[in-house]
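Protein chains: 2
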Amino acid sequence: MSSKITPLSGFPEWLPSQRLIEQEILGRVQRTFELYGFAPLETRAVEPLDQLLRKGETSKEVYVLRRLQAEDGGTDDTVVKDELGLHFDLTVPFARFVLENAGKLQFPFRRYQIQKVWRGERPQEGRYREFYQADIDIVDRDTLPAHYEAEIPLVIGDALGGLPIPRVKIQVNNRKVLEGFYRGLGIESTEDVLRQVDKLDKIGPARVSEGLIAGGLSTAQAEKVLALAEIQAPDSGFADRVKQLGVSDPLLDEGLAELVRVVDTAVAEKPGLVVADLRIARGLDYYTGTVYETLLEGYERFGSISSGGRYDNLATSGRDVFPGVGISIGVTRLLAILFGRDALTASRAVPTCVLVAVNSEEERPRSVAAAAALRRNGIPAEVAPNAAKFGKQIRYAERRGIPYVWFPGERDSVKDIRSGEQADADAATWTPPQEDLRPVVTGAV
Amino acid sequence: MSSKITPLSGFPEWLPSQRLIEQEILGRVQRTFELYGFAPLETRAVEPLDQLLRKGETSKEVYVLRRLQAEDGGTDDTVVKDELGLHFDLTVPFARFVLENAGKLQFPFRRYQIQKVWRGERPQEGRYREFYQADIDIVDRDTLPAHYEAEIPLVIGDALGGLPIPRVKIQVNNRKVLEGFYRGLGIESTEDVLRQVDKLDKIGPARVSEGLIAGGLSTAQAEKVLALAEIQAPDSGFADRVKQLGVSDPLLDEGLAELVRVVDTAVAEKPGLVVADLRIARGLDYYTGTVYETLLEGYERFGSISSGGRYDNLATSGRDVFPGVGISIGVTRLLAILFGRDALTASRAVPTCVLVAVNSEEERPRSVAAAAALRRNGIPAEVAPNAAKFGKQIRYAERRGIPYVWFPGERDSVKDIRSGEQADADAATWTPPQEDLRPVVTGAV
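Those sequence lines, one after another, are chains B and H. Count along the first sequence from 1, then add 151; that gives the number in the working numbering. Count along the second sequence from 1, then add 151; that gives the number in the working numbering.
Next up, chain B with everything else stripped away, as it sits in the complex (with noise of 0.2 Å):
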């Protein structure tokens, strides 16, 4: 391999150190998952193309494969049968990993998900071709309860609350508020609304108000869907406030009944964390109850950052129905936004706790041994490159950041280089303070 070598567009690549970042962020994501009682999955990177195209909007991200030396000869532009293509989300496979193994799986099925995902975009910030998502859903056959729509919020509060990151706040919704609001007014076609109302924070009010009349809608009605829009409340109060727009109908009461309860299980367990957000509408067409976005404090012009909501159709198989509720963390979109404004770091960029120093050549097993021995004990060691001067071998560790150097002789003695000191220790029974054991990751909030 030679030369020439360019960093790829839109494929981030972290070095060490903030892969080690990245690593204790998924970990403790994971492990937050993990303590509601979400069951770990992974799915294969590919799925048929013709799953993934089901719906259309996104079929202009997707990669597709092709065997370099495939035996039908190769491809063309239209959609060869069996033609495989890479996931661009984790919700699309795990519908068809449900379908498919509905009859192994306990319901309600409650699983994460953290993996890599593909979309052919063409890059930007906060864009990228290969990113981490990071996935909860729980799913039932046939009906799924509300109330998980509730938990949800508690779940990535934990989550996100417990990683050094600024304070996120989680913006809910609800499908059925909306379409059953744009109905009680007598809009028909309440999926145009939807997509007006989605361009609020970009294009603003009066645009989308055009943009409404345009479509069909009257002046008193565009003011009320607008109205309705700029409902925001961290409490239950938005319902009442809803109810003085004056406008009634069945799904609108269900709604909102939901919503209230996902609001005050937050203000119950997690006060501060959600905000009823009347606005917030989400794009894809599948959502049907509850949505979620989330901002990052100080960051919200990068967008959301945690997103997802309530699905009844997403996995259907012949008679067979799997409502579900989920949500997805962008992870790697985080950290970048994070890493980009320095707002991350690590004590360390190695794992390293003690370098093992070698007297000379011959005598290398005595440390290879004394490093045998600290880890036996949990303590991560490596032994120098060399049988350098001391003085450079510590630098070898001051370079790594790593804090303890430690000298085999008649008696093995540990110095930690930040402070100089120095002491007889045994590696059978040493341990450093717990805090220098693994690499620390901080952030600047």
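No lab work stands behind these hints, which were simulated from the structure alone. Note that the Cβ used here is the ideal one computed from N, Cα and C, for glycine as well. Be aware that one or more of the hints could be misleading.
[Said to hold, decoys possible] In silico BS3-like cross-links for lysine-lysine, where the CA-CA straight-line distance does not exceed 25 Å: (1) B/LYS543 <-> H/LYS255; (2) H/LYS375 <-> H/LYS353; (3) H/LYS421 <-> H/LYS320; (4) H/LYS267 <-> B/LYS267; (5) B/LYS255 <-> H/LYS255; (6) B/LYS353 <-> B/LYS320.
[What the hints assert, rightly or not] One side only, chain B facing chain H, incomplete, derived with CB under 8 Å: (7) LEU159; (8) PHE162; (9) ARG170; (10) GLU185; (11) LEU192; (12) THR194; (13) ARG247; (14) LYS353; (15) THR416; (16) VAL418; (17) PRO502; (18) GLU533.
[Unchecked claim] Coverage of chain H stretches by chain B, computed from C-beta distances (three or more under 8 Å per stretch; other residues unrestricted): (19) 160–167; (20) 253–260; (21) 268–281; (22) 363–374; (23) 495–505; (24) 529–543; (25) 571–584.
Got chain B; can you put chain H on it based on the hints?
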């Protein structure tokens, strides 16, 4: 998503109970790598196709990507400039990463990398199109001390020896021994001989001898080549047996000294782990020193589950050269072998330790609060899906292997549903026995 869903041959997927085992295995391997001071690295899944194809013999295995709606009008059968393929191992991407980031890395650079790789091969038992590899490598600039070749088996011995799997035996050899010996015999084309010797396990000594003679060796030369290949020893005794064959060459001596060191180090630190086996050649042509293969006791016929070696010329850029040594554990192959024989089991299929029962839907918040209190103490807990009769709620736990059911009440109580014992408990202070906290993975051996 609907109907006609079938598994894809070569793309294994585990059920959550198996994924849980895979995670445990990967986690323990990772912790061992970190104990030896290897830093984490993850490279993108794709590489420019021309980089992947530099080693001609693997070109048939590569999956090429195209964006479904690429602006450049699709692909044909030739290699398009800037075309991307999925990596087929972790060594080629690592070499590229080192060249790309040499200025930001500290050498010698020790890294581990645990990722999926893809190969477009025809699937068969033990061969997959998507599978996990767990790699370690140590690379240095210009020169790499040979003592690192002795360290690799210790890491693998700890990583695999700590798992609930059968014992492993690492077979080591040194390419300098083979090449030096062949040269000392007056053989010019040592590569052809290596290729023949590599077939020993498959076709036996008689046919290898025929192949060698057909390739231009004298009967005496062929006999010596086979005599060398027959040498095996659990200690450095192999060196005398090689010398007794009466061949001398400086490269042979150098290789023998290196191999003695590898074996001696292993005998001192992990007796029984390593065996010198002078038949091992490793087909890949980039190895230049020690080579490793690893067999699982009782599963030898499945071949090596962890292979690697020393390479001097993998990563070069202008005047910079980065020699290295590394090894790769074929995690998916290992798991598939053991799963196929029910040789690995988890004590339960979900992380959940406690199911919190629900008295009535009105009282659900009380159960949610009890679960939150348990989680604050690190106890995985989930709340029952509905307020069914307690017998039914207990069966929900039973079917998933959840050991405890929690009953909120005037005084809360907790029941071990395996023994039937029930006792009053406080969610803020109760803790289960350590062995119940997480699923436990055990092996059949």
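Cross-check of the supplied hints:
no.	hint	verdict
1	B/LYS543 <-> H/LYS255	20 Å, holds
2	H/LYS375 <-> H/LYS353	20 Å, holds
3	H/LYS421 <-> H/LYS320	11 Å, holds
4	H/LYS267 <-> B/LYS267	10 Å, holds
5	B/LYS255 <-> H/LYS255	48 Å, violated
6	B/LYS353 <-> B/LYS320	20 Å, holds
7	LEU159	7 Å, holds
8	PHE162	4 Å, holds
9	ARG170	5 Å, holds
10	GLU185	4 Å, holds
11	LEU192	6 Å, holds
12	THR194	6 Å, holds
13	ARG247	6 Å, holds
14	LYS353	24 Å, violated
15	THR416	7 Å, holds
16	VAL418	11 Å, violated
17	PRO502	4 Å, holds
18	GLU533	3 Å, holds
19	160–167	holds (count 6)
20	253–260	holds (count 4)
21	268–281	holds (count 3)
22	363–374	violated (count 0)
23	495–505	holds (count 4)
24	529–543	holds (count 8)
25	571–584	violated (count 0)
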